[in-house]
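Protein chains in written order, with the numbering used here: chain A, 1 to 278; chain B, 1001 to 1314; chain C, 2001 to 2303.
The set of hints was computed from the structure by calculation and includes no laboratory data.
Fair warning: there could be bad hints in the mix.
List time: in silico DMTMM-like cross-link candidates among lysine to aspartate or glutamate, alpha-carbon distance up to 20 Å [unchecked claim]:
{"#": "1", "chain 1": "B", "residue 1": "K1030", "chain 2": "C", "residue 2": "E2112"}
{"#": "2", "chain 1": "B", "residue 1": "K1030", "chain 2": "A", "residue 2": "E253"}
{"#": "3", "chain 1": "A", "residue 1": "K142", "chain 2": "B", "residue 2": "E1012"}
{"#": "4", "chain 1": "B", "residue 1": "K1272", "chain 2": "C", "residue 2": "D2251"}
The following residues of chain B were derived to be distant from chain A, with all beta-carbon distances above 10 Å [unchecked claim]:
{"#": "5", "residue": "S1009"}
{"#": "6", "residue": "E1063"}
{"#": "7", "residue": "F1070"}
{"#": "8", "residue": "R1123"}
{"#": "9", "residue": "E1133"}
{"#": "10", "residue": "G1161"}
{"#": "11", "residue": "L1162"}
{"#": "12", "residue": "S1184"}
{"#": "13", "residue": "P1218"}
{"#": "14", "residue": "T1307"}
Computed footprint of chain B on chain A; a stretch qualifies when at least three of its residues, placed anywhere within it, have a C-beta under 8 Å from a C-beta of chain B [said to hold, decoys possible]:
{"#": "15", "stretch": "109 to 118"}
{"#": "16", "stretch": "135 to 143"}
{"#": "17", "stretch": "173 to 180"}
Here a beta-carbon is modelled for each residue, glycine too, at the ideal position from N, C-alpha and C.
Below, each chain spelled out in residue letters.
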Amino acid sequence: MMKQEELKKGDHNVNTTTTEPMTTEMKKDSAYVVNNLNLWYGEDQALIDVNLDIKKNEVTAIIGPSGCGKSTFIKTLNRMVELVPTVRTNGEILYHGRNIFDRGYKVEDLRTSVGMVFQQPNPFPKSVYDNVAYGPRTHGIKNKKVLDEIVERSLRGAAIWDEVKDRLHENAYGLSGGQQQRLCIARTLAIEPDVILMDEPTSALDPISTLKVEELVQELKEKYSIIIVTHNMQQAARVSDKTAFFLNGEVVEFDVTDKIFSNPSDKRTEDYISGRFG
Amino acid sequence: MNEQKRELSIREMIQQNKQKKYSQTNVFDKVMPFLLFLSALVSVITTIGIAFTLGFELFKFFERVPVSEFLGKTEWYPMSADPRFGVWALVMGTLQITLIAMAVAIPFGLASAIYLSEYATERARRILKPILEVLAGVPTIVFGFFALSFVTPILKSLIPGLQIYNALSPGIVVGIMIIPMIASISEDAMSAVPRKIREGALGLGATRLEVAVKVVMPAALSGIIASIVLGMSRAIGETMIVTIAGGSQPNFEFNPLNAIQTMTAYIVQIAKGDAGYGTIEYYSIYAVGALLFVFTLLMNVFANWVTRRFREEY
Amino acid sequence: MALPNSEFKNDKNLIDRETVSKRIKMRLQMNEVFKYVFMAGLVFALVVLSTLIYDIVTKGAGWVDLDFLRNFPSRRAERAGLYPALIGTLWLMGLIIPIVFVLGVGAAIYLEEYAPKNRLTSFIEVNISNLAGVPSIVFGLLGLTLFVRAMALGNSVIAGALTLALMSLPIVIVAAQESLRSVKQELRHASLGLGASKWQTTFNVVLPSALPGIITGIILSVSRAIGETAPLIMVGAATFISTTPSGIFSDFTALPIQIYNWTGRPQAEFQNLAAAGIIVLMTVLIAMNSVAIYIRNKYSNRN
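Pulled out of the complex, with its shape left as it was, chain A reads as follows (with noise of 0.2 Å):
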C-alpha cells in the first residue's frame, strides 16, 4: 500500500534514510524538531546539518541573503519541496513527535495541519468564497451552513471580511494583490491548520498591504505556530519572536529576536543584519 504512495509523482525520488530511530525527546512546547537535516538538488546540497527546535504559539522568522536556503527549508517543513523532483533529504523532522519523513506519513495529512501562504498570492480563479471554501470541501466538509460558517470566520481571521463581504461571489481575481494575500490566508485558516508556513508573504505586496500583513500575523499568533521566511529584516524584527539566520544552506545562528538583532554572537550575523552583504 504505502509502497505505491511513494510511487507518486514527485516523492518517488526522495530517499529518506531513517538509520536509526531518533529518540529525541519531543517538547510539549515545540512545534518542530528539526534534526540533522540535508537536503539536495541533484548533487548540489542545499541545507547543511540544519537543527531548529520550532515553538508553538511563536514567530519564528527566518533570515538569510538570496540563495541561502531559507525557502528551500521552509518548503521541507510540510514537504513541498519534494515537487521537484531531483530532491533528496536525509536527516528528521519531527513535527507532533513523529518523523514526517517517515514511510507511512501521508503528505496530505501533514499539509492538512501545516498551512502554507506562498510569496505570490495565489487564489484560484474562482469565487471568494469557493477559494476559503475549497480547503474544507476537500477534507469532506459538504454542509452548506458548516461551510458559510468557516468561509466567514476564516475570512474574519484573515481580517479581510470587511472588504469581501458584498462580494463573496466575484471571481478572486478581481481584488487587489494585497486583498489577494490575506485571502489567501483566509483559504489557509479554513482548515484549521497548527502552523503556518509563510514564505516571504509580502515580497509582491505594497507597503500599506505589507503593514496589514504583518498585524494579521501578530494577531494569528495567539491561536497558531507561524514560520515566516523574509528578506526583510526589519520585518523579521517587528513581527517574530524568534529569528534563525540562514548562510549557504547552514543556520548560523537562532535564538531570540532581539537577541539576534542588538547582540548576534556571530560574526556574519553581524555582517548581515547591519547590511555589509545579502
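Place chains B and C on chain A using the hints.
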C-alpha cells in the same frame, strides 16, 4: 444543523471525515493514475494496431504475390485476368502528385512565412494568419471538387493535350492545400530566431531581405526543412483530391498531363468496389497501405527528429 | 569615416563611398521588390480561397433550400437531398466528441501531471506526434480491419466514429497538453499546500482552469474529422441509403460521402448538388469553429 455540531472545531471535523472517507479518496488517487496511463497507451496501441493489421494482411498478400513482383515490377493490373502487382506504377502516380504539389507549396508557403515573420506588422499578421487557418481547415473533399470542376477546365483551356483526369490539376490543388502547413511551421521556426540576432544584422546596415535570407532562414533551417518534409508526407497520404481529379489509371510514366492512379486512390477504388474479403485485391490494399504507412512514418519521424533538435538550440 | 590622424586618411580605396551608396540603393530596391514577392505568397492563398468559395457558391447556392436539407438522395437531381447524410454527420459528431474527450484528456493529464520523466513517457510522446502525421486512409484501413471486421461492428456509425476518433486523438492530446501546461504551477501548489491529494488537485483545480482550451482544441479537431472522407469510405459508409441511423450499430452515410458520391456523377446537375452539399458541410464546420473561437475568446483573459 444543531448548535452542538457547529461548535465542533473544523480540525476535528476534518479528522473525522478523514477516518470515514479516506478510503474513497485513496481509491481515486490509486486508480486514476492507472486509468489515465491506459488512455495514454491508446495511442501506442493504435500504432501497434496499424502496424499489426497492415503486417498481417501484407503477409497474406505476399503468400499470393511474390515480393519481387510487388517491389520490382512497374505494371499494376489487379483486376485483369492475368493480374500484375508492380507497385511502382502507383508510386509513380504518387510521386508526380508530390513533386507538383511541392513545386507549388514550397515557394508560396515559404514566401508567406517570410512575409509574416519578417515584414508583416502585428496588425497585418492578425488579419492574414486566420486566412491561412481557414485554408487549412477546408476539407479535402472540397479541394477535390475544386480541382475537378474548376482547376481542370481552366488548365484544359490552356493545355490542349490535357486529359480530363490528370496529375497536374490535383497536384496543384494538393500543393495549395499544403501551403498553410509549410507557412505556419516555417513561420514558427523563423519567429523563434532570437531578436538579438536580427538586430545585430540590421544594426550593420543589412536590409530586411538580407536579414531574412542570410540570417533568419539559415538559423531556422531545421524548422523549414521539417515543414517541407511534413508537407511532402501530407501530399503522399492525400487521398480525396487525387481520387476525384487524378483518375484511376496506374502508369509507370512521368507525364502529368495523363490520368494516373496514386497509392491512396487505389485503396479507395478497391474499398469502394466491395472487393470480397479474402480476394487478392482485398489483400493488395493492405500491401499498398503498408508501403504508404512506411513512407509517411519515416518522413514524420525525420521531421520530428529535426524539430526536436532545433528546439534544443535556443 | 576617415579619422583625421589615421594613416588611411587619404586612402579612398578601402571603402569607396560611391560604390557603397550605389549598392545600398540597389539593395534597398531589392528589399522593396521582394517584400511584394513574399506578399504574393499570401495573396495567392487569399485569391485561391476566395475563388474556391466563389466557385462553390455560384454553383451550389441556388440548390440549397429546405427540401434539400429534408429530402433523401434521389436519382433525380431536383428532388435529391442530403437529410440522411446530415443526420449521419451529427451522429458521428455526437459519438466522436465524448470518445476523444475521455481518451484525449485522460492521456494529456497523464502525460502532463503524472508521467515520470522516463523512456516510456518520451516514447509515448514521440509516438503521438508521429501518429498525428499518419494519413487518414491508413486509419481507415485500421478501422476496416479492427472495427468493421474483427469486432464485427459492420459498416456502422460506431465503427466510423471510432475510426475518426482514433485519427483525431493525437491532435486532441497535444492541444489538451498545451492547455494543461498553461495552468500556473502556483495553483497546483496552493491546492497541494491545503492537503489536497494529487488527484483532487488535478480534478478540482487544474482541469477546470484548462477546460476552455481543451474544449476549443477538441472542437477544432473534431471539425476536421467531420470533414474527412477517405476513412469513412474505408469503413464502408453507405453511398445510397434510405434511412437515418436508429442506433449506434445502424448503417449510415455522412456529408463528405454524399458530396463525393455526387461529385462522381457526370451530369451537371449533380455537380451543382455536390457544391450545395459542400455549402452545407462548410456551414456546419464554420458553426463549430465559431463556437470554438467564442469559447477561446471568452475565457482567454481569465488566467
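- Item | Given hint E1012 (chain B) paired with K142 (chain A) - CA-CA distance at most 20 Å | Within the cut-off at roughly 15 Å; holds.
- Message: Holds or violated: K1030 (chain B) and E2112 (chain C), Cα atoms, limit 20 Å.
- Response: Holds, at roughly 17 Å.
- Message: According to the definition I'm using, a residue is off the interface if its beta carbon is farther than 10 Å from all beta carbons of the partner; does S1184 (chain B) meet that for chain A?
- Response: 30 Å, holds
- T1307 (chain B) clear of chain A by more than 10 Å, beta carbon to beta carbon? 25 Å, holds
- Item | Given coverage of the stretch 135 to 143 of chain A by chain B, tested with a Cβ cutoff of 8 Å and a minimum of 3 residues | Three-residue rule met by the stretch 135 to 143 of chain A, so holds; n is 5.
- Please work out if K1272 (chain B) and D2251 (chain C) have their alpha carbons no farther apart than 20 Å. 15 Å, holds
- Distance restraint between K1030 (chain B) and E253 (chain A), which requires alpha-carbon spacing of 20 Å or less: 43 Å, violated
- Item | Cβ contact check, 8 Å cutoff: the stretch 109 to 118 of chain A against chain B, three residues minimum | holds (count 3)
- L1162 (chain B) remote from chain A - nearest C-beta pair above 10 Å: 60 Å, holds
- Query: Is the nearest Cβ of chain A still more than 10 Å from the Cβ of P1218 (chain B)?
  - Reply: 36 Å, holds
- Query: Taking the closest pair, is the beta carbon of R1123 (chain B) still more than 10 Å from chain A?
  - Reply: 29 Å, holds
- Task: Just double-check S1009 (chain B) for me: nearest Cβ-Cβ distance to chain A has to come out over 10 Å.
- Result: Contrary to the label, S1009 (chain B) does not stay out of reach of chain A, its closest Cβ about 6 Å off (not over 10 Å).
When the structure is compared with the earlier hints, violations turn up for hints 2, 5 and 17 and for no others.
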